[in-house]
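S.K.: Here the protein sequences line up with chains D and F, keeping their order.
Per my numbering, the first sequence starts with residue 632, numbered consecutively.
Per my numbering, the second sequence starts with residue 1476, numbered consecutively.
Derived by calculation from the structure, the hints in this document are not laboratory data.
Think of the CB as a built atom: it goes at the ideal place given N, C-alpha and C, for glycine as much as any other residue.
One should not assume that every hint holds.
[Stated by the list, open to error] Distance condition first, Cα-Cα at most 30 Å in a straight line; then the derived DSSO-like pairs of lysine-lysine: (1) LYS1487/F to LYS1785/F; (2) LYS1770/F to LYS1791/F; (3) LYS694/D to LYS676/D; (4) LYS1785/F to LYS1485/F; (5) LYS662/D to LYS676/D; (6) LYS643/D to LYS694/D; (7) LYS676/D to LYS1791/F; (8) LYS662/D to LYS1770/F; (9) LYS676/D to LYS1770/F; (10) LYS643/D to LYS662/D; (11) LYS1770/F to LYS1785/F; (12) LYS1791/F to LYS1777/F; (13) LYS676/D to LYS1485/F; (14) LYS1785/F to LYS694/D; (15) LYS676/D to LYS1785/F; (16) LYS643/D to LYS1791/F; (17) LYS676/D to LYS1777/F; (18) LYS1770/F to LYS643/D; (19) LYS1791/F to LYS694/D; (20) LYS643/D to LYS676/D; (21) LYS1487/F to LYS694/D; (22) LYS1791/F to LYS1485/F; (23) LYS1487/F to LYS1791/F.
[Unchecked claim] Residues of chain F clear of chain D, computed beta-carbon distances all greater than 10 Å: (24) GLU1489; (25) ILE1502; (26) PHE1512; (27) ASP1561; (28) SER1593; (29) GLU1598; (30) GLN1601; (31) LEU1638; (32) ILE1703; (33) TYR1717; (34) VAL1721; (35) ILE1748; (36) LEU1751; (37) GLU1763; (38) LYS1766; (39) LYS1785.
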Amino acid sequence: MALAQVAYQISKDRDFAARMRIDPEGTLAEKGFELSREELAFLSKGLFGRSDDQVSLNDLVAKMRGWR
Amino acid sequence: MQLNSVHSIKQKIESVWVRSDLDPDFIEALHQALPIFNSTEDTYQNFIDWMHLPNLCCQAAGGEPFWADEITAAWLLFYIGAHIMDSIEDLDMPDEWWDLQGSGVALNVASAFFFSASTLLNEYYQHERTHRIANPVITDFNIGFLRMCQGQHFDLVTKRPTLQQYWETVGAKSGTFFSIASRSGASLATRDDSRIESFSRFGYHLGILIQMLDDLEDLDSNNLIGLISNRAQVYSTLPFVYAMEVSDQDERQQINSYIDSESFDEQLASELIRLLDELGTGIFIHAEMQKHREKALEALDKANPTNPAKDLLTTKLGELGKI
Chain D
632 MALAQVAYQI SKDRDFAARM RIDPEGTLAE KGFELSREEL AFLSKGLFGR
682 SDDQVSLNDL VAKMRGWR
Chain F
1476 MQLNSVHSIK QKIESVWVRS DLDPDFIEAL HQALPIFNST EDTYQNFIDW
1526 MHLPNLCCQA AGGEPFWADE ITAAWLLFYI GAHIMDSIED LDMPDEWWDL
1576 QGSGVALNVA SAFFFSASTL LNEYYQHERT HRIANPVITD FNIGFLRMCQ
1626 GQHFDLVTKR PTLQQYWETV GAKSGTFFSI ASRSGASLAT RDDSRIESFS
1676 RFGYHLGILI QMLDDLEDLD SNNLIGLISN RAQVYSTLPF VYAMEVSDQD
1726 ERQQINSYID SESFDEQLAS ELIRLLDELG TGIFIHAEMQ KHREKALEAL
1776 DKANPTNPAK DLLTTKLGEL GKI
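One chain only, chain D, in its complex shape (with noise of 0.2 Å):
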């Protein structure tokens, strides 16, 4: 549950979220996380991929509202 850990640990370091834009794989590495490539690349296109900030819970409710 690596994926987790390391959302939360975005959400609430913002030193720790800085230094995952710049150099995700050591900030992983120095904490400790054992993330994948695949899994980095998932996390990444909700933080990076953005010229907003991180992606929102009401983002992603708004979204998928009546997607049924």
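Since the structure of chain D is already known, use the hints to place chain F on it.
M.R.: Here is chain F on its own, set in the frame of chain D:
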């Protein structure tokens, strides 16, 4: 999928009920519970597209979509029947059609859907083209549903699931359900086991993705107020499973205090969402949605699908979980 296909699915279902000499009043009760009989098409277009998953996978595997009409009709009936039972077991708000008449009536309708679905699948024994797959498809449905019941059992008895338990349950329920639809549809058109397995994995990840969307829907403010009123259910939805697993004791207490509030309203709903977001819930769910969407696309690609179903499945899947 074209609307004439919806018409064909309706006819297949209706024919079972007419051949069974059911009373028109009971048939009317069954209609009430099935969205395709009582809604306008444009209000549930996404539902119609995904309802045709067996048709689409059959076509993507090189067959004609209509070959899978019986499977689609049966899968729809199982889906709605399971949804009814799930709502009753989870003490959800009743759907409009059974609100007045009670859960006993709803359970009986669900049972009727299961037997109707079973009858539809048995029709594959009657035709030369489908005779060879009748037994494996029916066995696959039965074993799959047994596993779903097992998943539901653990879901019901595990009051505060861990993330690992959540993924196991969702895989056993939603993942299994959509993988059955995909591989059974494909198996009508190909005997290539590796392609069928790829369709199966595609459906599995699609099912998990759809369950995540369902869990996200629960966070819409009105839905969240309803969800909080059913405390037993709150802790089984992904945002809360995640938050309770990663947060510290103070944060967990804060979440619990919202859930235990006697007057949970829109204001508190908004505050609770903000709290969940501060714990990284949005980041986590988004990453998981990307993962299952990509894995579904990868599996679909390996299934070597043909057009036009390939494009439709890829496009519809791309729309899910994209932000």
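S.K.: For each hint, tell me whether it holds in the structure or not.
M.R.: Taking the hints in turn, this is what the structure says about them:
{"no.": "1", "hint": "LYS1487/F to LYS1785/F", "in the structure": "25 Å, holds"}
{"no.": "2", "hint": "LYS1770/F to LYS1791/F", "in the structure": "15 Å, holds"}
{"no.": "3", "hint": "LYS694/D to LYS676/D", "in the structure": "16 Å, holds"}
{"no.": "4", "hint": "LYS1785/F to LYS1485/F", "in the structure": "25 Å, holds"}
{"no.": "5", "hint": "LYS662/D to LYS676/D", "in the structure": "21 Å, holds"}
{"no.": "6", "hint": "LYS643/D to LYS694/D", "in the structure": "24 Å, holds"}
{"no.": "7", "hint": "LYS676/D to LYS1791/F", "in the structure": "20 Å, holds"}
{"no.": "8", "hint": "LYS662/D to LYS1770/F", "in the structure": "28 Å, holds"}
{"no.": "9", "hint": "LYS676/D to LYS1770/F", "in the structure": "15 Å, holds"}
{"no.": "10", "hint": "LYS643/D to LYS662/D", "in the structure": "14 Å, holds"}
{"no.": "11", "hint": "LYS1770/F to LYS1785/F", "in the structure": "16 Å, holds"}
{"no.": "12", "hint": "LYS1791/F to LYS1777/F", "in the structure": "18 Å, holds"}
{"no.": "13", "hint": "LYS676/D to LYS1485/F", "in the structure": "41 Å, violated"}
{"no.": "14", "hint": "LYS1785/F to LYS694/D", "in the structure": "24 Å, holds"}
{"no.": "15", "hint": "LYS676/D to LYS1785/F", "in the structure": "25 Å, holds"}
{"no.": "16", "hint": "LYS643/D to LYS1791/F", "in the structure": "35 Å, violated"}
{"no.": "17", "hint": "LYS676/D to LYS1777/F", "in the structure": "24 Å, holds"}
{"no.": "18", "hint": "LYS1770/F to LYS643/D", "in the structure": "29 Å, holds"}
{"no.": "19", "hint": "LYS1791/F to LYS694/D", "in the structure": "15 Å, holds"}
{"no.": "20", "hint": "LYS643/D to LYS676/D", "in the structure": "19 Å, holds"}
{"no.": "21", "hint": "LYS1487/F to LYS694/D", "in the structure": "35 Å, violated"}
{"no.": "22", "hint": "LYS1791/F to LYS1485/F", "in the structure": "23 Å, holds"}
{"no.": "23", "hint": "LYS1487/F to LYS1791/F", "in the structure": "25 Å, holds"}
{"no.": "24", "hint": "GLU1489", "in the structure": "24 Å, holds"}
{"no.": "25", "hint": "ILE1502", "in the structure": "26 Å, holds"}
{"no.": "26", "hint": "PHE1512", "in the structure": "17 Å, holds"}
{"no.": "27", "hint": "ASP1561", "in the structure": "15 Å, holds"}
{"no.": "28", "hint": "SER1593", "in the structure": "26 Å, holds"}
{"no.": "29", "hint": "GLU1598", "in the structure": "29 Å, holds"}
{"no.": "30", "hint": "GLN1601", "in the structure": "34 Å, holds"}
{"no.": "31", "hint": "LEU1638", "in the structure": "5 Å, violated"}
{"no.": "32", "hint": "ILE1703", "in the structure": "15 Å, holds"}
{"no.": "33", "hint": "TYR1717", "in the structure": "6 Å, violated"}
{"no.": "34", "hint": "VAL1721", "in the structure": "4 Å, violated"}
{"no.": "35", "hint": "ILE1748", "in the structure": "6 Å, violated"}
{"no.": "36", "hint": "LEU1751", "in the structure": "6 Å, violated"}
{"no.": "37", "hint": "GLU1763", "in the structure": "7 Å, violated"}
{"no.": "38", "hint": "LYS1766", "in the structure": "5 Å, violated"}
{"no.": "39", "hint": "LYS1785", "in the structure": "21 Å, holds"}
In this structure, the hints that do not hold are numbers 13, 16, 21, 31, 33, 34, 35, 36, 37 and 38, in rising order.
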